[in-house]
Structure formats: structure tokens, C-alpha cells
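Below, each chain spelled out in residue letters.
Number of protein chains: 4
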Amino acid sequence: METLRRIIERNDTRRGRIFDLGIQALIVLSLITFSIETLPDLSENAQRWLRYVEIVTVAIFTIEYALRIIVAERKSEFIFSFFGLVDFLSIAPFYIASGVDFRSVRVFRLLRLFRAFKIVRYNKAIQRFHRALMIAREELVLYLLVTTMLLYFSSVGIYYCEHDAQPKEFASVFHSMWWAVATLTTVGYGDVYPVTTGGRIFTFVVLLIGLGVVSVPAGLVASALSKAREMEQ
Amino acid sequence: METLRRIIERNDTRRGRIFDLGIQALIVLSLITFSIETLPDLSENAQRWLRYVEIVTVAIFTIEYALRIIVAERKSEFIFSFFGLVDFLSIAPFYIASGVDFRSVRVFRLLRLFRAFKIVRYNKAIQRFHRALMIAREELVLYLLVTTMLLYFSSVGIYYCEHDAQPKEFASVFHSMWWAVATLTTVGYGDVYPVTTGGRIFTFVVLLIGLGVVSVPAGLVASALSKAREMEQ
Amino acid sequence: METLRRIIERNDTRRGRIFDLGIQALIVLSLITFSIETLPDLSENAQRWLRYVEIVTVAIFTIEYALRIIVAERKSEFIFSFFGLVDFLSIAPFYIASGVDFRSVRVFRLLRLFRAFKIVRYNKAIQRFHRALMIAREELVLYLLVTTMLLYFSSVGIYYCEHDAQPKEFASVFHSMWWAVATLTTVGYGDVYPVTTGGRIFTFVVLLIGLGVVSVPAGLVASALSKAREMEQ
Amino acid sequence: METLRRIIERNDTRRGRIFDLGIQALIVLSLITFSIETLPDLSENAQRWLRYVEIVTVAIFTIEYALRIIVAERKSEFIFSFFGLVDFLSIAPFYIASGVDFRSVRVFRLLRLFRAFKIVRYNKAIQRFHRALMIAREELVLYLLVTTMLLYFSSVGIYYCEHDAQPKEFASVFHSMWWAVATLTTVGYGDVYPVTTGGRIFTFVVLLIGLGVVSVPAGLVASALSKAREMEQ
Chain A
5 METLRRIIER NDTRRGRIFD LGIQALIVLS LITFSIETLP DLSENAQRWL
55 RYVEIVTVAI FTIEYALRII VAERKSEFIF SFFGLVDFLS IAPFYIASGV
105 DFRSVRVFRL LRLFRAFKIV RYNKAIQRFH RALMIAREEL VLYLLVTTML
155 LYFSSVGIYY CEHDAQPKEF ASVFHSMWWA VATLTTVGYG DVYPVTTGGR
205 IFTFVVLLIG LGVVSVPAGL VASALSKARE MEQ
Chain B
5 METLRRIIER NDTRRGRIFD LGIQALIVLS LITFSIETLP DLSENAQRWL
55 RYVEIVTVAI FTIEYALRII VAERKSEFIF SFFGLVDFLS IAPFYIASGV
105 DFRSVRVFRL LRLFRAFKIV RYNKAIQRFH RALMIAREEL VLYLLVTTML
155 LYFSSVGIYY CEHDAQPKEF ASVFHSMWWA VATLTTVGYG DVYPVTTGGR
205 IFTFVVLLIG LGVVSVPAGL VASALSKARE MEQ
Chain C
5 METLRRIIER NDTRRGRIFD LGIQALIVLS LITFSIETLP DLSENAQRWL
55 RYVEIVTVAI FTIEYALRII VAERKSEFIF SFFGLVDFLS IAPFYIASGV
105 DFRSVRVFRL LRLFRAFKIV RYNKAIQRFH RALMIAREEL VLYLLVTTML
155 LYFSSVGIYY CEHDAQPKEF ASVFHSMWWA VATLTTVGYG DVYPVTTGGR
205 IFTFVVLLIG LGVVSVPAGL VASALSKARE MEQ
Chain D
5 METLRRIIER NDTRRGRIFD LGIQALIVLS LITFSIETLP DLSENAQRWL
55 RYVEIVTVAI FTIEYALRII VAERKSEFIF SFFGLVDFLS IAPFYIASGV
105 DFRSVRVFRL LRLFRAFKIV RYNKAIQRFH RALMIAREEL VLYLLVTTML
155 LYFSSVGIYY CEHDAQPKEF ASVFHSMWWA VATLTTVGYG DVYPVTTGGR
205 IFTFVVLLIG LGVVSVPAGL VASALSKARE MEQ
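Residue numbers (our numbering), protein chains in the order written: chain A, 5 to 237; chain B, 5 to 237; chain C, 5 to 237; chain D, 5 to 237.
As a list, the in silico DSSO-like pairs of lysine-lysine whose alpha-carbon atoms are at most 30 angstroms apart:
id, chain 1, residue 1, chain 2, residue 2
1, C, K79, C, K128
2, A, K172, D, K172
3, D, K128, C, K231
Hint data in this document are derived by calculation from the structure and do not stem from the laboratory. Treat the numbers as computed from the prediction; the structure is a model and nothing was measured.
Please model the entire structure based on the sequences and the hints provided.
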């Protein structure tokens, strides 16, 4: 019992590390098969294989879940912990989907992505990123508010500049928001862009302001990351 | 009277916080209805509802404005303060528009956006952002000057490179400026781009310089934000 | 004489500041008329006015140049100094162009842009920017070298991935460089982009590396600007 | 012997510097001819000249390689060192390609790019960049992991939003990844973009998060560069 707990809950033994790596590999495999299933024109053979992989994956995750409950000192605490719920949600859709009809399967398929959260248990990178986000939380909320306001006023402005010239692309303030998102983030797909002189000057002004707002989080996260690193040491 | 003042001007009581949240919710509601009104093909029913919402909103804002004047210790000082003027401009267009004919309504509609400024009273995020902009003011002005010069010379340069090959897209230095804005901010809509070898090499050189200029404000604002945070504490 | 020198060379008197502002306004006017001249379909009337403005501008700049020589203590030193040469080149093209035939005028027109450099004399922003560039010089040269190498290898890589699928867009390594410039700077006009799976994966890898290289100068310039500010104080 | 070693291995004599510059010029020339060879419709004359340049380049590199072995104190150590192998791989393809048939030449041509690594021996900029990458290694790996996860979930999300509306562009999660790469890096070619309201809102959310993730390495590399500079001094 004590040996089993050590293998499952910790990774300071060789077998513990193998167990951890095995589970992680299975999570990645599961995400890859999820993607492959979306490919159009899959042969029947491929579909059968994907189903086999899915059954084996769920079987192993179920055993893992059972083992984690068995070795947990306070069982109910584990079951209702973040990782306990994630473990449960990683396998539950499979068992429920077996009993229902075909059409709702697509939603259940999406629920399988919960398995990705299982990897957080092992991933120090994501844990540090999470800590960095906590450090810069206040600034990031501020940034979201200012960005939202900037997007709103850009949309209203460009709507008034361009609506008459391009009544379809800039049909309403909501339609104009798509332009504002693509422009202020500097993605610039090129599906909507101003054609009037007024709209272009407005775009210029908005971008000058936007460059000082929208790329701010990069700096915030970068400095928070270095703080998070110091805190770990 | 003292209790009323406390509810309206401060938020250290429960009723004061409810009052503040109510006004804020109304401002957001007002901005949303403003956007909905721009949607094409609105049903008569929807238009009637939007008019009702507008009347109720203005009524409440008018009451709020009256109350703020009543509780203000120095009345004329409040009326001509920034927030006093904003409160006035948030309701004035509605009363004036009722007396004039239909065609000029569109401009008055736009004036309703002044209501957005009312939210600044409650929003600490925008206040801190404003303080950060004040800290980095000098650098930001410098950045605007250098960016403007860079844009001007890029426009002249690309005009000479591309005018003969694309006389329509690069018709003059002013037309070329649109290309310069879209390129130096790295938005790149793709509606205008150089096609000659000279123009492409010029674009490359301009972008190498531009990347060191145009994204500078992000760093300036980020560091000013952290200074503004320190100053608050 | 001493009073004249004070007006022209310094700006600690009221008349000195007016003189400086007047020259600066004239420079900006000159750059604007330069741009207007490139507009297609200018009326004869407008062209005549632009010619008048040009003659007046050159006349004033000539007087300014003469005055600066007169008040300079070491005349030859001023004439061959940076600003002396800029002042000379700002007016010389006009006098030379009067004597030659029409076709070469276009090149002379471009030389008028030298007038923009005159403004550097008054512009503290550009002077500080120049100082910042000096501070980060070494890193910026390094960045140019690494960027050039990254661009070269990206071009070669995408050429091998995409040449067979798009023989026209990726006709040679040189043609592919245009794609590399537009992609690594994240401008992404959308006139050339990879269509093969190999080319897309290559683009992904190149962009992951590129994001860590191409936006570095923004950080370098931002920190150099704050150093330059400290040095001024 | 001692004089020769000094010329080849060090650059503290005048002849040593000339030797170094000569080799570097030859490397750059070699990379340029490599690019020229990819130009379509090369005349026979040009092809002949390119072949001559190639033969001379390889001849000089062979002599250089031989000299470096001769002057090396521990010969086998040099041969199996990084730069020894690079020197070997720079000339080997030429000799092997002479003996085989025409079709595989294209792959051998690509191997000639190994010559670019020869320049690292002389380039302090790249050495410092390499040191900076070592300093920020841990953070960069973290960034790659988080970026990969973000890309994966963006692809899955947009696939579910857009697959029904654009079954060709968003045919599978793998196809959607191309959109995710072009969007999160803000390149935005404009060949694929969401058209549904759901997809556009999803793009907005993903970009808000993405801007705080994808541009982080620029900050990391910039600060690592300044640390690397300090370490050198």
C-alpha cells in the first residue's frame, strides 16, 4: 500500500517516474487521436483503430482514477479536489456516451479535452505561468478593461466613418468590432479595412493609441514570469 | 441630507455601493443599446423598446444629476467640474433632440457616447492608466514625433519606388501614407503592398527601423504602469 | 550683430524663439507642399500656388542661410558642419534646377526632403532618440546581423518547401525573401503564403524563433531611451 | 609553422585579420551564389560562371581545412570538434556529388548551407545571442510549451466554431492549426479567417490571451542579451 502510494502520488522513485511519464504520454496520445478523428474521409479501418485506442485509454485512466482513490488518505477530499474532478471528467463522458444515441456524441467528444488538464499535475511550466498570471492579475484585469473600452470606441468610430461607403462590411457597431479586433491586435486579415480618407485617418490614430495598450500584457507577463522564478528559488 | 450625500458621493456604505453599481450598470446598458440601434433591419417592436430604454435611462441620469447638484457643497463648482459637465452632456442631447427635426438626430446619437466618460468616476483601472500615461508623457510625445517622421519618409520613399508600377494604389504621398500606417504597425491588411524589387527592399529597410520605433510605447506604458502602482501604495 | 546672433543661434530671448518657430513652421509647410505636389490631377491654379510657396520658402531659407554664415564666428567651420551642409542642400536644388531641363526635376524634387533635417536642430525628441540609438548601437548591430541570417535561412527553407507547389510566388531564394520579410515582421500582407503542409510547419517553426528575435529592438530602444533620459538630467 | 598557426588560428596580426576577412567574404559569396543558382531561366553563361565560383570556393575551403589540420596541435581533436566537422561538411558534398548522378544533386546543394556555420567562428554577435539563449533557456522552453498548448486549444475551438460554415478551410483540427499559427503570431495572411459570430468572438478571446503569451520571448531575449553583455565584461 505504502509502495503503491509512493509510485502514484510522488515521483522520487524510478517506478514513480515511469508511472508519471506513462500517464503523460497517454494524455498526449489522447489529444492527438482527438485531432485525428476530426480529419475528413477517415477510412473505416482508421476509425476502428481510433475506437480501440480510445477504449484502452479510458480503461487505463479508469484504473489510474481507482488507484488514486484507493491510495488517497482522505478519499472524499481527493474526489472533490481540482485534480480529482479532472480525473473523473476525463473518463465520465465515455461511459455516459455509450448509453445515449449518436447525435449528442459530438459534444461528449469535446468533453474529452478535459484530459488536457490532467497534464497540469506534472507540468511545472504551466504552474509557473499560472503563478505569473496571479502576480500580474491586477494589471491584466486593468488591461482587459482598457482594451475593451478601446475596442468599443474604435468600433463606434469606424462605424461612423465607413458605414456609408461599405454598408455591408460595417453594417453595425457589432460588425465593426470584428474590424477593431483584427486591427488593434495587428493581425489584419484583410477581409475588412477602411476605404474612406476619414476611416483611414481614424485607423491611424486608433493604432497609435492601440500599440501603447494592446501589447502591454507581453511586458507584464514577462516581468511577472521573472518574479515567479525568483519566488520558486 | 447628510445620508443622501454619503450614498451619492461615497461608496463606504452598502447603499452607496448599490447606487454606484446601479449607475455603472445603466452606463453599460446605455452603450449596448447605442450599438444595437446601429443594427440594420431592426423590427418596429425592437425600435420601440430601445426608445423606452433610452427614455428611462435619461430619466434616471437626470435624477442622478439633480441629486448630485443638490448634495454638492459648492454647487457651481460641481456643475463646471469635469464630471459635472460629463453628467450634463450625457442627458442634454436627448432634451435638445426632442425639439429638432429628424435628420440631425444622428449627430446627437453620437453625443450619447459622452455617457461612457461617466464610468471613469468609478473605474480605478482607467485612473491608473491615466496616471501611467502622465508619467510616460514626455517619452510618448517623443515617440509620436519620431513615428510621424518615420511615416512621412516611408510614404515618400514608397511613393517613388511604386508610383510607376501601381499608379492607382500609390497615387500620391498621401495615398502612400495608408500603406505606411498599415505596414509600420505590422497590421498588413494586404490591400496595398509593393510589387517592385526596389519597393520591397525599401519595405524591408523601413520595417527593420520601424520595429525598433513603433513598438516602443508598449514598453514605456508597461513600465509606467508599474510606477503608477507603486505611487498608489 | 551680437543681438542678431542671439536671435539666430539661441532661443533664450523672445525674438529668438519666434525666429526658431518660424523656421520650423516653414520646414513643415515645405514638407506638406512637397506631398501635395505628388497629388494627381492638380489644377493649374494649385500648381501655380505651390510654385509661389516654393519660391518664398527658398527665399527665406536663403536669407536664413546667409544670416547664419554672417553671424557665425568661424564661417568655414559652420559651412562644412552638419547643419551648415543641410542648410545648403535645402536650397541648392532649387537654384540648380532652374537652369536644367524638365526631366531631371523629379530627382531634384526629392532632394528638397533634405529640409527635413533642418528640423533636427530644434527637435529635442530626435536628439534624445539619436542618443538612445547610440547607447544601444552594439545590440542593434547584433540584432541586424541575426535578423539578416534568420531571413536568409527562412527564405532558403521556404523556397525548398514551396517552390514546387507555387513556382511563381517562390521562384527563387530572392523571391522567397519577400515572403520572409512580410512574415517575420508579422506584417503578413497575404500576397504570398505557404500552401503545402511542409511549408506551413516550417512557417510555424520560423515564427516561433522569429518572435524571439525580430521584436527584440523594441525592448532595446525602450531601455536605451530611459538611459538617455537619465543622462540628460 | 608557428607563424602560420598564428595567421590561421588567431587574429592579432595583420595577416591573421586578412586571412579571417578573406574566409568570411568567401562564405558570404558562397551563400549568394547558392541563392543565385535558384533563379529561374539562368543563361548557360551564368551557370558556367557559378560553377567556376563554386570550384574555386571549394578549392580554397579545402586548402583552409588542410591548413587548419596541419597547424592544429591535437589533430583528431580538431577534426571531431564542432568547427572541424563544419569545415568538413562545407566541402564534402562537392566531392561526393561529383561521383553520383544528377537527380540527387539538389539535396547536396542544400548541404552547402553548412558553410554558413563557418561564419559563427568569427561572429561575436551570434556568440552573444547564443549565450543569451542559454540564459533564458528555461523560460523559452516554458514559453514553447504554453504556446503549443494555446495553439492546440485555439485550433480545436475554431474547428468547432467554423467547421460547419467553412468545411474546406477548417477541415480538421490540423487544418485549423494553420489558422491558429497565422493568427496568434498576428501575421494574419488573410487566407483563412473566421466568418461566424461565434468564431469571431472566439478569435477575440484567443487573441487577448495570445498577446500575453506569444510576444513574451521578445522581453525574455532582450533582458537575457543585456545579461550576456554584462557577463562578457
